[in-house]
Every structure is written in C-alpha cells, then in structure tokens.
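*Asks:* Taken in order, these protein sequences are the chains called D, W and C. Under the working numbering, the first sequence is numbered contiguously, ending at residue 572. Under the working numbering, the second sequence is numbered contiguously, ending at residue 474. Under the working numbering, the third sequence is numbered contiguously, ending at residue 1308.
Treat the hints as calculated values from the structure; they're not laboratory data. Misleading hints may appear alongside valid ones.
With a straight-line cut-off of 20 Å between C-alpha atoms, the simulated DMTMM-like cross-links for lysine to aspartate or glutamate are [what the hints assert, rightly or not]:
hint	chain 1	residue 1	chain 2	residue 2
1	W	Lys312	C	Glu1262
2	W	Lys446	D	Glu365
3	D	Lys363	W	Asp319
4	C	Lys917	C	Asp976
5	D	Lys351	W	Asp319
6	C	Lys1145	C	Asp982
7	D	Lys351	W	Asp342
8	W	Lys374	D	Glu365
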Amino acid sequence: MTQTQPTIRRMPPQIAQTASISATMLDVIVALLPALGMAVYLFGLRVLALTAVSVGSCVLAEYLYRRLTHQEDTIRDLSACVTGLLLAMTLPVTAPYWAPVLGGVFAIVVVKQFYGGLGRNFMNPALAGRALLMAFPGLMMNWVDAFQRPGLIEGVDAVSSATPMALLHEGIVPDLTVGQMLMGQHGGAMGAAPALMILAGGVYLRSRRIISLRIPAAFLGTVAVLTLLFPQGDRGPVAWMTAQLLSGGLLMGAIFMATDYTTTPVTPRGQIWFGVGCGFLTVLLRYFGSYPDGVGWAILTMNCAVWLLDRAGTPRRFGVRRSQQWLDYWAKLQDSTAQIRFVKPEFRFLARAGEGTMPGEGYLDELKGKAPQVGAMAGVLLCVCLMLYGVNRVTSYAAVRTETAAQQELLEQVMPQATVRSETPYHAEDALSITAGYNDTGLVGYCVEVQSYGFGGLMTVVVGVSTDGSVTGVAVTDHSETLSVGTQATEGEYLSRYVGMSGTIGLEGDNAVDAISGATETCRGITQCVNRALAIVANLSTGGEVDYVDGEV
Amino acid sequence: MVIVELTGIAVAALLAENFILVNCLGIGDRVKSFHEPLDAWRTGFSLTIIMVLTALVTWVLDRILQPFALGYYQTLVFALSPLAMVGLLRWFLKNCVPELSRRMDDNLASIPFNCAAMGVALIISQRGYGLISALVYALFGGVGATLALLCYVGLRMDVSLTSCPKCFRGLPIKLITVGLMAMALMGFYGMHMP
Amino acid sequence: MPIPYLGGVHPAAHKENTRRKPIVPLDPAPKQVMIPLTMCTDGGADPVVKPGDKVTVGQVIAVPREEGVFVHASVSGRVTEIGPRPHPWGGQWDAIVIENDFQDTPCPDLPAPVDWERMNREEVIQRIREAGITSMGGGAAATHRRIRQAVGRVDTLIVNAAQSEPYITADYRLLLEKGDQVLQGVQMLAKLLRANRAVLAVSGEKLNAVEFLERRLRRRKRAVELITVQNRYPLGMEKQIIRAVTGKEIPPGQEELDVGCAVFNVATVYMMRLALLKGVPLTHRIVTVSGGAVTRPRNLWVPIGTPLRCLLEAAGGVREQPAVILTGGPMNGVVQQTLDAPVVKNTKGLICLTEAEHAPAVQPETVCVRCGHCVSACPMNLNPAFVYRAIRMGEGHRLPGLHLEDCLDCGCCTYSCPSHIPLQSLVRQARTILAEGEASQ
C-alpha cells in the first residue's frame, strides 16, 4: 500500500469573522460620534475644534514617533484617532488648545509607544493623558453649564458653574430629572454630559460584537449596588443611585475606557473582577476623595493590576469543577507550609560554664573573639550618643530661641492684640493644642490648633478666637495643597477675611466667607478649622475637657 | 466612630499614601524582588511584619523619650529599631522556625535599611497616632507596599521594556513605569473618611 | 431548556442555499468509482475481488483487517484496477476502481433483515460490521466497535443531528425526509446499548425539523427525547454536545463512556437501521454541495467512491473560480488539491468558497491587541492569548500550565481573532514544543 505525505496547503479554518483592528477602531469612532454631536449641540463649535486638535496631535505624534524611530507606520489602524477622540471627551469645553496637544503627545508617545505601540501598553493612553493634565486643575475643572457656548478663541474665560458631579460630591442630589440627565442639560466634561448618546454608542458597540457586556455590567452594577446601599442626600437611595450612574464620566468610562482591549484582562472572570474593582474604587473616590469624579483614577489604578487579574481569572480546566481548582490550590499551599514547624530551641546559656579553670572562662574566649567587632560598634554608638547630647546642649538654647521667635510670629498673625502666649489646662478632642493669649489688659482670647483635610491632605491651622467669640486671626502652619491653586487660600489676604467673623461660618449664604474659586476644598478645610475653633472656645469650661459639637457655636 | 477612623487610616495607608508609590519609601535594594513574583511577595511580607513590629516598638520608645526631653535621640532610635527588629526576627526564625528562615532569610536581610520601616516610625510620631492607629497604619502600609511591588513585578513580566528608544532602556523606562503607576494613584491624594 | 455555557462561535450559517433542496440522487451517475480500502480509522481492508471481476451494488469487495469494517461496491459494473488513487484525507491510498455499467444491479446475496425485537446483541453487532458502517459525521471510527465498547455503560445515548458547521445541511434534510426512520433507528440503538435515555439533539435553527419531529414523536409516543441545542460551532465535537445536552463535562483523561454517554451521528444511525432492517450495506451517503462558487448548490445521495468532480458537475459546476475547495465544513474540513479524490464514508459536504467568502481567513496577521475574543470563544476553556505570548514573546516556560492537551483543533480561536493571528497553528506548534520537551527529559 503506498501513501504519500498529506500536502494540505492551508490550515483550517477556512472562514473567519470579518472584523479587523482598523474596522474595530472605526466602529468605536462611529459609536462616539453621537456623543460628540450632542456635545456640539450643548457646548458649541469649540467642541469640534478641541476634538480636531486632539485627534490631530495624537495622529501626528504617532506618525512622527514611528518615523523617527524607523518603525513601520501604524496610523492606519486608527487607534491614535480613537485615543485623541476619547481624550477630547474627557476635557471641559473651556480647556485651552494646548491641553489636548500636551495630553495627546504624552499619551501616545510615553504611555503607548514607549512600550511597543498598539497592544503592548499597560495603561489606558487617553486616561493617562488626562491624568497628566490634572496637574493643571484650574484649567481642567473649569466646567460650564449646558448651552453656554464658549467662543472658539476666547472660550477659556467662560463662566464656570457647578456640575452635577460637584453636587454629588457634596452629598446633594442634583435637581435634575432623569430625562434632563440623559440629555445632558447640565454642565460637565464634553463627554460626560450626553449620557443618552453614550448609551446608544454602547448598544452599537455591543451589537457589532466589539465589546462584551461583562466589564460595563460589572462596573455599573457595582457602582449601582454600592450607591444603593450607602445613599446620601435627601431624595432616597434610588434617586441617589440614578444620579450617580448618569453623572460624571461613569458611562463614558464604563463603556469606552474600561473596555479598551489592551489594558483590560483577557480572561472572562478577570474582566468581571476588573469591572468590580473599578466600580468599588470609583465609589470610594466619589465619596471620600478630593476630586469630584474618580472614574478615571479608578480605571488607571486597576490597569496596573491587570496582570494579576488575568492569572487569577484563568478559566477552569474543562471537566474540572471550579471548586477543584481551589482545593488544588489549597492543597498546594498546605504542602508548602507544612514544613514550616516550630522547633523548640535549645538554649545553651550555660554550655560553656564548665570550661576552663575559673568559672566563666569559656565565655571569655568567645567574648575575646567577638570583642573587636562588638567593641567597635559599641564605641561608635557611644560616640554618636555623646555627640547628639553635646550638640543638643549647645544648640538647645538657640533652638528654643528660634522656636520662641516662630511662636511669636505666629501669635502676631493669629492674635495681633496679644503679646504673650501661655498654656491652658484645656483639652479638646481633635484639637492639637489650646493656648491662651494675654496682653497688658488681661486675657485676649485663645489660640486653638486644629487639623482638617484640605484638597491634598491634612492641614494644620491655628485660629485665634477672642473672648467675645470672634476670630482674631488665622494661620496655616502645615499643608499639602497644590501650588498656586490651593496655596492661594493658605497664604495671602484670604485668611484675613475671617477676621471679625463669629458663629458658624459657611461658604455661602449669610455669615459666609468669600471662597476662592478653584480652591474650594482648601477653603472648606480652613473654614472647618475655624468653625471648630469657635465651637471649642464657646464651650470652654473649667473642667479641663471641652465638650463641643463640631460646627455648632 | 473608631472603626471609621481606623478604616480611614487603613485606606489612606493603602492607597492615598501608598508607601512605595506616593511616599517613595520602601524601595529596597534587593534586585530579585523586582523580578520574580514569589520573591516580591516574600519581601513585601517581611516588610509588613517588620513595619508592624517597628511601629510597636518605636511608639513605646517615643512615649518614653518625649517626656524626658530626649526628643533629639529620636532619629537615632528610629534608625536602629528596624535594625534591631530584623536582627531579632532573624535570630528567632533561625532557631525556632528553620524552614521559614531558610525561605525568607534573604528577604529579611534586605529590610533593615529599607526606608519604609523607619519612615513609618517617623510618620506615626509626627502625627501622634494612638497605638491601634499606629499598628493599623503600619500593617496596611506594608500591605500597600506589597501590592505595589507585586503589580510592578507583574508589569515587568507582561510588558515589554525593550521597545523604547535605546536611550530609555534599562533604568529610565523602569522609572517611567513606576511613575505611571504613581500617577494612577494621584487621584487618591487627600482621601479621608470624614 | 438548553444549558448555557461559554465558548464556541457563531459563524454565519449560509444554509439557505441548500436547506430547502430535497435529497436527490446523483445525476449524471459517475462513470467510475474509486473506493479506497482505507475508510475507517480502526483498520484497513484487503480486497477480495480482482481486476476484471463483475460486481453488483452491495457486494463485498474487501474484508477488514484488525478492527475495521467490510467494504462494498456502490455501483454495479466491472473492477478495472486496484491501485493508489487520491484520497480526500490527503495523499494517495490504494482503492478499488469500478467501471460503472449504469445498471445498478443489486447484489443477490444481501443478508436477511434482522428481527430486532428478538435480536442477539453480538449477532447484531457483527451484522453492523458486515454492513460496513463507520461514523459518518466527521470521524471515521468503526461503529460496531464503539457499540461493543459502550454496551451496558451508557446512561444517555445522544444522537447528534446538530450540524453546526456552516453550509452543510445533509443531516437536516435527513431529519426532514426520513424522520420516522431516524427515530426508529435511535430507538434501536438505545435498546442495543441498554441506554436509559435516548436523546436526539437538534440545533435551534432547524425549526422545521424540530416541528416535524415533535409531531412524529407525539403521534407515536416513542421513547426518544428531542432536545434543541443553541446553535453554536463546535457542537459536532463529543465533549461539547455532551455538555450541551446533559451538562456534564468529560474530565481530562477520561472519555465519553466514563460519564455514561455515547454520541453517534444521525446519519450513522440511519444507515445502521437501513442495514439491520433492510439488509442494505453502506454504499451511499448524503453529501451537501454548497458554497458561493457553486452554480446550483444541492443535497445529493451519492455512491461511495464517486469522484468529487462528478458531484460538482451534478451541482451545475462552478460559476466562478473558487478560492478553496473543501470536504467537510469550512471550519474543520480538509482542503482538496484535486477534484479526483472520491467521496468516502465520512464526507458530509463539498464546499467551494469564493474569494470573498474566503478572504477574511487569509488576511495578513497583525499585532495581538489582547481583546480576549479567543479566550471567550474556546470551547475547552483554554487561553490562546497566553499561548501567543508564550510563543511569540519567547516565554516558553509558561506553556506547561496551559493544559494544551485539551485542545480540540476546532479553530474557534483563529476564527474569532480580529488581528487574524493563526492561533490554531500556534497551539499546535506549542504542543509540539511541549512534546519535544517531554521527550528530551
């Protein structure tokens, strides 16, 4: 029987699905167009200009980079266009034109191309570009209301207003109907406002089998469940949940950013956990973070953990029960740790006691061996201690003097009428110290040192309160606010606005202090400190422990 | 509520003030822990234990030093505590749990000069945390450092670090990678549980 | 209620070409047939005729070696030659060439029909062997051997009519035209195997057939369950149809009988009934000729050994130059270099794809974008994306943990990849690497 080797020229299968990468990217662009159109309707032609600049700079950056590094041209796969479009959608319409250029170049060159281009990056380029631009929070958070169409050239100075996201951050449910939220009749980023169009885009993508519903469902589902369980505001949990779901960049993030192929897990279960993780972090940031909307940060953080989710989410072997996987893993772990046992140590303190002619001579030999080392270390330690002591003796006066001078300076700022400051027996919870200020006529008032959270972290504020319950001065001694944005409020004349105020101070309404726009969190933090100080002083009793309610005088 | 406060501290230590990515402390000198997941896990685990022990010991010592106006010895004591703790732990493991010592001794050896151990002591002292808060902070700080390390190692395994221009290969692209991870955590700055 | 599960793809079915075309005999009949001696994977056959002998339809022309089955003449005429001829499985194998005298004289020595109410099991199994029955759905195992192995160990008999490959409608038309006989055949097989449960699995889009069969079942109260399975490729594979019908998954290293199931193709069951109740051996089969390049796609009742060329002629020839010609389905079929190869016992279709239909499969490969479509599509829960990384990025140490021995070679991964990466080939390559690695240790 003769037989020759089979010569099959082509490997199966002989048919394939018709999508390709550029077709997929084109579909994503098509899915984004309704949202873009609605944004133009809401915010004017500047939207188109910004988008064009963004897309153009991304494509140009990719083209130039590939040319300059002698690699093949990849702009045909349209992924740079998609990055540009997504980046533009995260910006407010009042962003200056150089913002998308900077963000786009960073996103394409550093985040994507440095790691090998399409399919090889680990972080979502559009979101990373936006994260870079958040270094200019004043520009990036300048939201305008719907139908305010800033001009093409001078649009940067349009009047900013509170967006629904900002209100939600305060714990207030915005006064909009579901229909209004869907149609985007409120302020926000260019891509955040048109919620309905984004949902339409998502439906389109799903119908073209480009995205699977796992990640958006897990993401939105987690946010929905968490906001339903922990509602804020006064309109009930469902209204809170709906407002949360439809506001901010959540829909855009869940449907377009979190489903980015390259930066999300490959395995189905990994994808679900990715969505859940993003949802959890988003809610965490929205409730407790400094920025009103945390979707972008949540996705970026989960991007870093994708490798772990991929491995953990590997599908179980066909024919092996899922529980078997865990049992196997547990067995492996037990094997590994079984050998770790507690061994009873043998203490041989007196092992060498019997050696030598005199008691302890055995130890002498051992010590002699170690003496040089140990002696040297002990000697060094001793020297260092002595040096420290000496330096302290010599400089302690100077140190105390400078500290007193600093204290005096602080007193000048906080309670100009006082000349001397002294300790008091009062303690209050959450107050670092309560000191009293005196001058020739007697007690002027109290200086209370309190802490609260500003935008970037803890701030320490010293507030001087006179005996009649009004503020004499405020000083910020420690903060981590952003330079030239938050620091506008921690220095300068802003603090003098508090002088003479009393009662409970707010940021709006009567008895309000003029907050600096763009530094609201910082101002709020300082105001909170002032209020606490006023409450403490109002409730001082001779007992020593001060009973007060924060914010109530 | 105490639970809320402690949760706030824990979350802050884990995310908003992640030791490696935000505070830039805790980056040890053991190269292998940046290459292999198992080694990264062991280093992180050792670091967490040492941080908790150091936090405990330095909290107590701080309470002793301050009333006696010996505050200027703080730096010296805080620098020597992790060293002492590591030495103690290594001695203990070697004599009592030899198998664990065999696996983790190398990792433990790289911890004494790890800034996170001393850093956690200093931060606790500066902020005046109580004992429980201090321990929670140290524990979750260590966990956050471990997670950051594991994520970095995973990225290194999966992401190609040789596709960048020649001048960026080696250390620069690694720093860029860690920088991007740190940028992702930027959104958590200032997060607190009211 | 179909049991949902992950995996599989939904290629466009393209069954409208032939689903309404009734099965017609091959016209014009072939001038000569070439019946290969190897049509069964369990063993070949030795000829018992020599060139010059006159043969009739159904006459035994080769007896089996090892565990193979008998081979019969499918046309009447004269044996002209016994020698190497092209084989649709590739290469050249020995075949008996019979010149057709167009008389279709039936063989006078056909065995008597079996009284299946009082049959002796071993006799029946021997009769099935003598009728030359092999699996007709894709594999080519000897049916008698499978039955012998399965007797008494089967809880659920699954007769697979869920033809999930695109273009092929052979089993569908069989259900519509010979539904009663199929049901009777299923019952016979169930009795033979002592199965507790007999299931006829039909895929969801064959609504006409489902309706028709339901009516038949209701009228005759037969003990056959009709289960509709959601149409998804690959349902032709045993593991997938067992999971779809019973929800059980065959653990790695075990086979279908270990979970108490046996899967047979519906055409096999039909031919088995024919052989037992009419004494007719396996000499003809249904072949779907389809594809965009065929002028008149149709379902044909074809003598075994007919050259593929004749099938194409009977379907009106090609109306444009086909890009690829296949036997079997487009997902898993064998590419034919020449149309001289004959129809064998497991040839269910002849597909001629146009350039347009074939184009997506020959797109150039681009970079993997980690979309995960391949992972979702794999019916065996494997991870082709990791395999791609391991091979293309040189991380071979990852391969052992990926369970690649579970791979079915179904092609779903390659089908679903938007970057047109030949994942199936990569998995095969990986398995070779692993095998070599093991061999060298």
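*Asks:* Would you mind confirming whether the straight-line C-alpha gap from Lys351/D to Asp319/W stays at or under 20 Å?
*Replies:* OK: Lys351/D and Asp319/W at ~18 Å, within 20 Å.
*Asks:* When you check the alpha-carbon spacing of Lys1145/C and Asp982/C, does it fall within 20 Å?
*Replies:* Between Lys1145/C and Asp982/C the Cα gap is close to 10 Å, so the pair holds against 20 Å.
*Asks:* Can the restraint linking Lys446/W and Glu365/D be considered satisfied, given a maximum Cα separation of 20 Å?
*Replies:* 57 Å, violated
*Asks:* Regarding the pair Lys917/C and Asp976/C, is the alpha-carbon distance no greater than 20 Å?
*Replies:* Between Lys917/C and Asp976/C the Cα gap is close to 19 Å, so the pair holds against 20 Å.
*Asks:* Is it true that the CA of Lys351/D sits at most 20 Å from the CA of Asp342/W?
*Replies:* Given that 20 Å is the threshold and the Cα spacing comes to 43 Å, the pair is violated.
*Asks:* Between Lys374/W and Glu365/D, is the straight-line Cα distance small enough, at 20 Å or below?
*Replies:* Holds, at roughly 12 Å.
*Asks:* Compare the distance between the alpha carbons of Lys312/W and Glu1262/C with 20 Å, and conclude whether the hinted pair is satisfied.
*Replies:* 19 Å, holds
*Asks:* Within 20 Å, alpha carbon to alpha carbon, are Lys363/D and Asp319/W?
*Replies:* Given that 20 Å is the threshold and the Cα spacing comes to 28 Å, the pair is violated.
The structure fails hints 2, 3, 7 (numbered hints given earlier, in ascending order).
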